[in-house]
Amino acid sequence: MTPLLSVRGLSKEYEVGRSLFGKTTKTVKAVQDVSFDIAKGETLSLVGESGCGKSTVGRAIAGLHAATVGEVLLDGRSIADTPSAGWHSRVQVVFQDPFSSLNPRMRVRDIIAEPLTNFGSTRAKTEARVKELIDLVRLPRDAGDRFPHEFSGGQRQRIGIARALAPKPELVICDEAVSALDVSVKAQIVNLLADLRAELGLALLFISHDLAIVDHITDRVAVMYLGRIVEIGTRDDLFGAPVHPYTRALLSAVPVVDPGQRRDRIVLQGELPSPLSPPSGCAFRTRCPLAEPGCAGNVPALTDVGPGRQVACPVVTRTTADVN
Amino acid sequence: MSLLDVRNLQTHFRTRGGVNRAVEGVSFHVDAGETLAIVGESGCGKSVTSMSIMRLLPENAARSAGEILLNGRNLLDLSEAQMRDVRGNEIGMIFQEPMTSLNPVLTVGAQVKETVALHQSIPSADVHDRALRMLELVGIPDAARRMTEYPHQLSGGMRQRIMIALALVCQPKLLIADEPTTALDVTIQAQILELLRDIQREQGTSIILITHDLGVVAEATDRTVVMYAGRKIEEAPTATLLAAPRHPYTQGLLAAVPRLGGDGSGRLAEIPGQVPDMRKPMTGCAFANRCAQATDFCRAHAPALERKAPGHIAACHLAEPEILA
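Chains as they are written, first to last, in our numbering: chain A, 1 to 324; chain B, 1 to 325.
Worth flagging that the hints you see were computed from the coordinates, not collected in a lab. Be careful, since some hints might not be right.
Said to hold, decoys possible - Computed beta-carbon distance windows for the label pairs:
# : chain 1 : residue 1 : chain 2 : residue 2 : range
1 : A       : His149    : B       : Ala110    : 35 to 45 Å
2 : B       : Glu80     : A       : Ala66     : 50 to 60 Å
3 : A       : Glu150    : B       : Asp126    : 50 to 60 Å
Bear in mind that the values here come from a model prediction, so they are computed numbers and not experimental data. Even for Gly, the Cβ is constructed at its ideal location relative to N, Cα and C.
All chains, please: the whole structure from these sequences, using the hints.
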């Protein structure tokens, strides 16, 4: 069966720095050779730290910018061969900042209606749909007549979600959609997303740096480091038994609320290397507790370590193979 | 005597929509060498409390009343010149966003040296050494070279280390850290929390850690004050508070924190509703409109802070005191 979304060998380079005559002097490889699938109704989370390329992947899938290399396919059909209105009505985005992603001069009704009008819905239909959406995201009935500034952060994020759901998309990309919210409100929005996913059979690409939230909402997880996926697997596998040393460090760095449940912490030394001049071979080797001289050689490829489970670290896959 | 003793602090802002009672009668103390967490959600008054202690709020718009006793001296009575001497020397402060709190057109070294030269009467020849040693202490690799660089050349984690160096270079007895790790990635957050712990152990600095992240509270603090709508609603040793919270808001907050080891269903415990408008007069408990257990009595009478267990106080009519044998 064709998955709903396929990403094949996606790379995205940005040109930075220009010489006097407009020649590009440097390129940042923000995303390199990223591939994954999302099935209908499935939630995949992309996790990693700032600058790892997770949002760039999201934007390429949303059609907000073109990939340098690679393909994005929806039901087997490439984004390059799909008219943009057709793509955008099936793939929608909820952005991080509910303050800057809503037009302050538009009424909520018009904000939610905009995608519908853009895709040629009639006036009567639009009006009915907007009402339906306001109920769906549990905003007060009179919300449509008001302006974004009259709402709190959590309420605004509901408006953003309503707008994304307006054209009845099959895939919604949540790019750090709950990161800016307070704990109690964050829980409200995560619950709303979970309910909507169940009610509407939505597939979600959940982009987040917050592993605890991801653990609550996702089916599968892909961990990114400096533009590449270093580990991908189901939530239970990946969180239950992380294999890649970066995944392990990332999980161990999450603060634990409950006393008496402290884990052994792996505090990574050093900083994220600059994507302008990434280390040779494995990009993580400069901070990796398991790094060997051989890691500076080739970029490690993702290798299967179980059903639907891949890891890009020859050191751990070799040692686990020894154990088995 | 406590190092810092805040008594009945009230900070009100004049706004067009009326007086915003951002902090409404908050009292707490910080002992020497301890880390106190002030925790709460946006708008609960935790940052305004810290800004009031530092007297960094615009005096034409904000008015603070009560007492802020640092070693017995009320900071609210000091002149601006005396206060300038307290900032940096006696109380250091770290802000959330290191990029906007560092001067972009001065090298990092110049900024640290300026702080030393301004506050400490040491020979100018020693200023450089002092700055360099501080940068090494906060774990800046190749500190001598980094001193000649500008803030934009450093990563977020490095900038936050510079902020910590600036706050601590004059060896203040109290450090106020306002969301010091919120803008950082988790692996860098772990590094910064470890650094704060090390520095506290070595220099015996007291720390007020202001945060919304209960995970950070659990990892890094001794005692916790929970704020809601400008009021202190609960205070206890951190381990006690997290294990047995007494106030329904604290209980709700703890239940809403996503934890590793979820079930993938996406369901989290939520606190319904939103924080009240601080410009409107409030009768009764500020949390009553979001509290599942609230009674008519709660809505009519504001609860006072009461001792519920040894070292554990909470402002809730419904939290029964622990019966002591």
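Do the hints match the structure? See the list:
no.: 1; hint: A:His149 - B:Ala110: 35 to 45 Å; verdict: holds, 40 Å
no.: 2; hint: B:Glu80 - A:Ala66: 50 to 60 Å; verdict: holds, 56 Å
no.: 3; hint: A:Glu150 - B:Asp126: 50 to 60 Å; verdict: holds, 57 Å
Violation of the numbered hints given earlier is absent; every hint is satisfied by the structure.
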